[in-house]
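Peer 1: One letter stands for each residue in the lines below.
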Amino acid sequence: MNKVIDIEKFTNKIKDGMTIMIGGFLGNGTPETLIDAIVEKGVKNLTIIANDTAFVDKGIGKLIVNKQVKKVITSHIGTNKETGRQLNAGELDVVLVPQGTLAEQVRAGGAGLGGILTPTGLGTIVEENKQKIVVDGKEYLLETPIRADVALIAASKVDKSGNAYHTKSTRNFNPLMATAADLVVVEAEKVVEIGEIDPDVVMTLGIFVDFVVRGENNG
Amino acid sequence: MNKVIDIEKFTNKIKDGMTIMIGGFLGNGTPETLIDAIVEKGVKNLTIIANDTAFVDKGIGKLIVNKQVKKVITSHIGTNKETGRQLNAGELDVVLVPQGTLAEQVRAGGAGLGGILTPTGLGTIVEENKQKIVVDGKEYLLETPIRADVALIAASKVDKSGNAYHTKSTRNFNPLMATAADLVVVEAEKVVEIGEIDPDVVMTLGIFVDFVVRGENNG
Amino acid sequence: MDKNLVKDTIAKRVALEMNDGDLVNLGIGLPTLVANFIPKDISITLQSENGFVGLGPAPAEGEEDKDLVNAGSQPVTILPGGAFFDSLTSFGIIRGGHLDATVLGALQVDEKGNLANWMIPGKMVPGMGGAMDLVTGAKRVIVAMVHTAKGTPKILKECNLPLTAAGKVDLIITEMGVMKVTTKGLLLTELNPEFTVDDIKKATDAELIISYDLKEMRTK
Amino acid sequence: MDKNLVKDTIAKRVALEMNDGDLVNLGIGLPTLVANFIPKDISITLQSENGFVGLGPAPAEGEEDKDLVNAGSQPVTILPGGAFFDSLTSFGIIRGGHLDATVLGALQVDEKGNLANWMIPGKMVPGMGGAMDLVTGAKRVIVAMVHTAKGTPKILKECNLPLTAAGKVDLIITEMGVMKVTTKGLLLTELNPEFTVDDIKKATDAELIISYDLKEMRTK
Numbered sequence: 000m001n002k003v004i005d006i007e008k009f010t011n012k013i014k015d016g017m018t019i020m021i022g023g024f025l026g027n028g029t030p031e032t033l034i035d036a037i038v039e040k041g042v043k044n045l046t047i048i049a050n051d052t053a054f055v056d057k058g059i060g061k062l063i064v065n066k067q068v069k070k071v072i073t074s075h076i077g078t079n080k081e082t083g084r085q086l087n088a089g090e091l092d093v094v095l096v097p098q099g100t101l102a103e104q105v106r107a108g109g110a111g112l113g114g115i116l117t118p119t120g121l122g123t124i125v126e127e128n129k130q131k132i133v134v135d136g137k138e139y140l141l142e143t144p145i146r147a148d149v150a151l152i153a154a155s156k157v158d159k160s161g162n163a164y165h166t167k168s169t170r171n172f173n174p175l176m177a178t179a180a181d182l183v184v185v186e187a188e189k190v191v192e193i194g195e196i197d198p199d200v201v202m203t204l205g206i207f208v209d210f211v212v213r214g215e216n217n218g
Numbered sequence: 000m001n002k003v004i005d006i007e008k009f010t011n012k013i014k015d016g017m018t019i020m021i022g023g024f025l026g027n028g029t030p031e032t033l034i035d036a037i038v039e040k041g042v043k044n045l046t047i048i049a050n051d052t053a054f055v056d057k058g059i060g061k062l063i064v065n066k067q068v069k070k071v072i073t074s075h076i077g078t079n080k081e082t083g084r085q086l087n088a089g090e091l092d093v094v095l096v097p098q099g100t101l102a103e104q105v106r107a108g109g110a111g112l113g114g115i116l117t118p119t120g121l122g123t124i125v126e127e128n129k130q131k132i133v134v135d136g137k138e139y140l141l142e143t144p145i146r147a148d149v150a151l152i153a154a155s156k157v158d159k160s161g162n163a164y165h166t167k168s169t170r171n172f173n174p175l176m177a178t179a180a181d182l183v184v185v186e187a188e189k190v191v192e193i194g195e196i197d198p199d200v201v202m203t204l205g206i207f208v209d210f211v212v213r214g215e216n217n218g
Numbered sequence: 000m001d002k003n004l005v006k007d008t009i010a011k012r013v014a015l016e017m018n019d020g021d022l023v024n025l026g027i028g029l030p031t032l033v034a035n036f037i038p039k040d041i042s043i044t045l046q047s048e049n050g051f052v053g054l055g056p057a058p059a060e061g062e063e064d065k066d067l068v069n070a071g072s073q074p075v076t077i078l079p080g081g082a083f084f085d086s087l088t089s090f091g092i093i094r095g096g097h098l099d100a101t102v103l104g105a106l107q108v109d110e111k112g113n114l115a116n117w118m119i120p121g122k123m124v125p126g127m128g129g130a131m132d133l134v135t136g137a138k139r140v141i142v143a144m145v146h147t148a149k150g151t152p153k154i155l156k157e158c159n160l161p162l163t164a165a166g167k168v169d170l171i172i173t174e175m176g177v178m179k180v181t182t183k184g185l186l187l188t189e190l191n192p193e194f195t196v197d198d199i200k201k202a203t204d205a206e207l208i209i210s211y212d213l214k215e216m217r218t219k
Numbered sequence: 000m001d002k003n004l005v006k007d008t009i010a011k012r013v014a015l016e017m018n019d020g021d022l023v024n025l026g027i028g029l030p031t032l033v034a035n036f037i038p039k040d041i042s043i044t045l046q047s048e049n050g051f052v053g054l055g056p057a058p059a060e061g062e063e064d065k066d067l068v069n070a071g072s073q074p075v076t077i078l079p080g081g082a083f084f085d086s087l088t089s090f091g092i093i094r095g096g097h098l099d100a101t102v103l104g105a106l107q108v109d110e111k112g113n114l115a116n117w118m119i120p121g122k123m124v125p126g127m128g129g130a131m132d133l134v135t136g137a138k139r140v141i142v143a144m145v146h147t148a149k150g151t152p153k154i155l156k157e158c159n160l161p162l163t164a165a166g167k168v169d170l171i172i173t174e175m176g177v178m179k180v181t182t183k184g185l186l187l188t189e190l191n192p193e194f195t196v197d198d199i200k201k202a203t204d205a206e207l208i209i210s211y212d213l214k215e216m217r218t219k
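Residue numbers (numbering that gives the first Met the number 0), protein chains in the order written: chain A, 0 to 218; chain B, 0 to 218; chain C, 0 to 219; chain D, 0 to 219.
By construction, these hints were calculated from the structure, which means they are not laboratory data. Think of the CB as a built atom: it goes at the ideal place given N, C-alpha and C, for glycine as much as any other residue.
Rough simulated footprint, nothing fancy, chain D against chain A, three-plus residues with beta-carbon under 8 Å:
#1 22-32
#2 68-82
#3 117-128
#4 167-173
Residues of chain A clear of chain B, computed beta-carbon distances all greater than 12 Å:
#5 K57
#6 E188
#7 V190
The shape of chain A in the complex, shown without the other chains (with noise of 0.2 Å):
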């Protein structure tokens, strides 16, 4: 099945308020054709949950910059300044969350899990209003699933049915998120025919994959 579409049929999906997880760690391996389609669309209120808030011209970073973002969910935000002016001035909804505990939430959504057991943020502020729960003797956290409306992933190439490639360290959160959202969108450089990569290397799996848009700008 031929998933590629224009940007304006991706841009037409987008709406104010919408959550929305978006693959890259600091911009690399960012699908940023599709964020720079969603900065001239304008849209508002939406909701982002990322590894980081990027740089204030880079990635995520430009969607923070444009003021279209209410609430963040993130592991980090102090590469971007306008992210930290923007909490502190009481405009922008940071939740903070490890980064480990963001990537199991993630996995948590795509895969059908009610939620993870994991001792990382205990005795700290992370476990502030969250279920403990005892497993052997030891306390552990309860963190529940994360999934969102859309997923914007970056490829290195995809197939025209969303099988997608990420080389080096631009995989990160991509195949993840691809697994936790209702409508997912692959942004390539590469766009090739299906059946060109091997069936061994396919690290997001098409049949996650909603669409694909040839980029232009891969950060």
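For chain A, the structure is supplied; the task is to place chains B, C and D on it using the hints.
Peer 2: Coordinates of chains B, C and D only, in the frame set by chain A:
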């Protein structure tokens, strides 16, 4: 680091009463050479953790037939009549676990989780003696981590540092089990130099692997 | 009815439940036959729980690849666009609600949508394999089976064998007809014209609600 | 002491804690320097939490690959035997106890092994990134930092900034000395001969237990 060893050095590590995880799915992607070495040594009272008990003349089945196993934690024994016979005769303890739960439990053991919550098994005998936990009004079973003394992994190709590639349907539980045991041994017919496997497509990470054994009759 | 005709009748009717683009897991045995009857104008993707999507037909003789088998250990092929993965990803797909449907056989199924298909205490204990995960995780659960076990009803008021999952079955398709699991019980929506309503009632232990709109069982 | 000498002294001493074959995660900043001082006769593997093992040095100018950066977004290289993976696997490694050691900086560390290194309320809230996972999951947690913040003690009886993890620190290495976290408190095992026991006590807010076997701080 060169982790290649002779089969004798491997055999010396295997003792009576050990808990051993073995990769493979009905004998596909199973470390036959390592299993044969254990059969030959004849250690007893093993606890085996595996997807299934394969066939009487293949994979894990050979350990069962040779009466070296006192307990097996698995999702399926239907293809090996001897497992059923020993179970009915009270000679073998069989703990049946849903396949997805087994995969999650092994992963939890390898990834430091205290457990995971799943709806699989609710309302069935699988829920006996397990904690039930409610998240967002929905009930789940708490399934706890599984680890082993030893994990035996089959690969299509492995480099001398233990980075392994599993082709086609031979991957199954192998990469998972490599994360969840104190001693991890990988068997492959093809043992290649470090660096010969593209770092993008390593499936079982060498950092989890202690020893590499040249296999002869990979299933 | 001839045994093979029975199986084909069931498989053909199940095939009509598939939608274009569906991701589906077919259980071992009768459900596997469904793949042969998918309407020409739709395309579905099959998942094999041992670790891939894009499951294709058996290879030609001599073309078998020992590294490519299905969950029943039979040599198979993979279609273009397919992909391999480990058991964790495989069951993430199954449990995460990514399967549009799973088709399985049953030892027993009841009017509450309970399914028993993995053991007979003291007799046959093969284990649940991936069945509990499939039935719990798939968006739609379709039971495809011969209506009775040599005359003994398998569709019951209440299963008495150990359950595979509670209340998860959506649809039951046999050679006699099509039954929907509803909050009020089993609704017979289609009847094979080879049988009468009385025939199917006699072969069924559960109460059957006969649809006001009862139709002839379709096979295409 | 000169600022660079301070950093090198700390990094050199941390490097001596490494064992042949160790898998280690080095935090951003000072801990990164440790890689420069690993003894010639041992080899360690570095993990980069954005998704690989086998982290190598920065590439030559002009050789940068935009697809290969470390967790601080700097161009790096991968060594033979390294491998890339996704964030789930990366944190499976970190949380699953597969790291032999993690080396991090601190805003504060206390005599119970508590660590605070991720925020100053109302002032600096960068987020914890992977720090909580690293400190909770690694087999050994080594804090490597300048002993004081411009004279203000960072080694306290009890941290008053929000914690990164409770009771997880094993060893504190500063330019003044080496302190082990024990159930009885902080045990000073090595002292830099540039300083006296009195100097280090004055620069430390926690009680320091002086080892009967106090040694000169090693750097090789």
